[in-house]
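Residue numbers (this note's numbering), protein chains in the order written: chain A, -15 to 382; chain B, 2 to 345.
Heads up, some of the hints might be wrong.
[Unchecked claim] Here are the computed lysine to aspartate or glutamate pairs in the EDC-like style, where the Cα-Cα straight-line distance is at most 16 Å: (1) B/LYS148 - A/ASP216; (2) B/LYS148 - A/ASP234; (3) A/LYS190 - B/ASP317; (4) B/LYS148 - A/ASP17; (5) B/LYS148 - A/GLU(-4); (6) B/LYS148 - A/GLU15; (7) A/LYS170 - A/ASP180; (8) A/LYS122 - A/GLU156; (9) A/LYS239 - A/GLU266.
Hints listed in this document are in silico derivations from the structure and should not be mistaken for laboratory results.
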Amino acid sequence: MPTQKEKLRKKELTINMGPQHPATHGVLRLELDIDGETVVKCTPHVGYLHRGTEKLGENRTYLSALPLTDRLDYISSMANNVGYCLAVERLFGIAAPERAKFIRTLASEMSRISSHLLWLGTHALDIGAMTVFLYAFKEREWILDLFEMLTGARLTVTYPRIGGVRNDVSEEFLSSLYKFTEEFPKNILEYETLIDQNRIWLQRTKNIGIITADEAINWGLTGPMLRGSGVDYDLRKYCPYDAYDQVEFDVPLGKNGDTYDRYRCRMEEMRQSIRIIRQCIEKLPQGPVMSPDAPKLTLPAKERILKDMEAMIQHFVLISKGPISAPIGEFYSAIEASKGELGFYFISDGTGKPYRMRLRSPSFIHASILPKLCEGSLVADVIANIGTIDIVLGECDR
Amino acid sequence: MIESVISSLGISGFAVSMIALLVKIAIVFGVVMLHVAYATYFERKVIGHVQLRLGPMTVGPHGLLQPIADGIKSFFKEDIIPSGADRHVFKIAPVISVFAALGCLAVVPFFDGFVLANINIGLLYIFAMSSLSAYGIVMAGWSSNSKYSFLGGLRSTAQVISYEVALGLSLVGVMIMSESLNLTQIVEAQQKYWHGMFIIPQFLGAFVFMIAAFAETNRAPFDLPEAESELVAGFFVEYSGMRFALFYMAEYIGMLVMSSISVLCFAGGWTVPPFVINAFPSLAAVPGIVWFMLKIYFHVFVYYWIRSTLPRFRYDHLMALGWKVLIPLALLNIVITALIKYFC
């Protein structure tokens, strides 16, 4: 018979945070072993939002897989579209015309602002400052309205096309966007008034979730997660695509790699995005928005299909078989999305559909550092850590 | 006044005072419950306007009937007791919370002469009652058979016990200055000074009391037991319908009680500072209850204001603030007050 003392043993309390939990940003599930308020073990479980995007991509032509990418990081669908189109363009060896490049740059930065605003709102809400959430959403609404003006859709835009963008921008859109760039920096100041110097906010974010530069590189972090630790790496700057080589901007860097530094990084990035958008509006060149050197890749205009035999056949082939001139081989292309490096990896067998489409999604890689950040910290810091990695499960689970 | 009406009905002796007391209790209960209902409305409106939105607008003009709709809704909702819950404890927990919160009202003088029980240990009684409300929370957290509510219950116990100390100590200065624990006498004592409010000599105590009162009532930024982003809703996550509403009521009554103690002990209760009356003699005609209510409304507004502005504390920071800052400050306040009282 075991004695009373032998029967008593210490065991951690296992709680299941998510997949339905207000602070796990979608359907992330964390299995936490806690000892009082301290987290002893943290195991993230992903896959609750798996929709088989990669497999679907193999069964669709290069042209028709584009709308799938909207649903990855649905907060900044424009950046995903741009990343996909750019990857296919590079695969086929074509380039978008100058005007389209500027429009894409401008639209990507708009989606970066909208994504960062959502991150700011939810991150602050998780830590308990709920007013920031509504302030941030006010401006996000404005951006979504601008998206609607530009593309007709607010969230899943499917605006860029392989070889350009779907339609040209209107003067009206450009002037409203310019007005936004004038107003928005004042709004950033407003958010900062609420939390930047707040002692509780500083206590909750400073020295929480520290990632050193070496760790950040070893874990494969990208985007603000990497730059918050002071590593100067930004694909827009060092591997420019679209019109990023023609605009001036700074890459904000953090120092300590804690939650507060990443917060500062993202706030600065919004200011830099405004700078980029302004330059794009000012430098926007005239010309076509669809590449003329890609007749095998782009759908012909509707009027031409009805009148012209050639155009009708091209349309038929593109829809049924896809662009059949793909070079055979493996190919990787990445862009700097708002959350980090978003990569598209194709294995092409020369048909109109990729043999394999693989996505390098920053959220998935960032989720892997959660155990490292959370173990040994308090339950309240788990929430701050989930907020700071800025995870979107649509992209994580694909 | 109530007594004279009752005795004119032909009742006499002990029965008069008993019936008068019951009538008074009914009045206080009714008025406070109405205030609780509209405190939720006021909160949603204040926070709504802080956050650039309108708050409730649909039910009635400017959403004025919203609290009534909420009440009806929670009253008719299905009452769910989770399987594996300790049924008796689960049922009694919200009752204890509301009982403790309502019990505090017995010693609160709403205006000169209107108090249900004019006992000489009024303040001590209130401390005792507000400590009792922690039992409701702990029992709710324990009996729900849910890990989240259990954690919420644990947090709340630790928080309420720690801040109870600071809360009690912060009022010792007031007790020394007024030489009484009776709330009516505390208010009368303030009238003897030129400032008419203890908040001026007792600013340190008032400061500690304000913060401790926020923690004691589990309001933001100390709403850890019900931190919705961490523990979803904390100790009452498994409650539904009217039992859930009872916890809500207890929280708002607690808030009103804390505001009224603060008003009575630091802001002169139903009185106005003498220098204000001297400057505007016509203000003396305003009934005391009006001043009392106005002061309480301001307090409650501050609760909402802070809730909509500040992020939430972390558990260890909360404990550090309570034990390392507030309690030493309150002790310092006691020492200073006692020295001044002794030598001057």
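Results for each hint:
For the hint linking B/LYS148 to A/ASP216, the alpha-carbon distance of about 43 Å lies beyond 16 Å, and the restraint is violated. For the proposed pair B/LYS148 and A/ASP234, the alpha carbon gap of about 47 Å is over 16 Å, so the pair is violated. A distance of roughly 15 Å separates the Cα atoms of A/LYS190 and B/ASP317; the hinted pair therefore holds under the 16 Å criterion. Our distance criterion of 16 Å between C-alpha atoms is met by B/LYS148 and A/ASP17, whose separation comes to about 12 Å.
With a CA separation close to 12 Å, the supplied pair B/LYS148 and A/GLU(-4) stays within the 16 Å bound. Between B/LYS148 and A/GLU15, the direct Cα distance comes to roughly 13 Å. Compliance with the 16 Å bound is thereby established for this hinted pair. Pair hint A/LYS170 plus A/ASP180 holds up; C-alpha atoms about 14 Å apart against a cutoff of 16 Å. Note on A/LYS122 and A/GLU156: the hinted pairing is violated, with a Cα-Cα distance of about 21 Å set against a maximum of 16 Å.
Using a Cα cut-off of 16 Å, the hinted pair A/LYS239 and A/GLU266 is violated, with the two alpha carbons roughly 33 Å apart.
Comparing the model with each numbered hint stated earlier shows that hints 1, 2, 8 and 9 do not hold.
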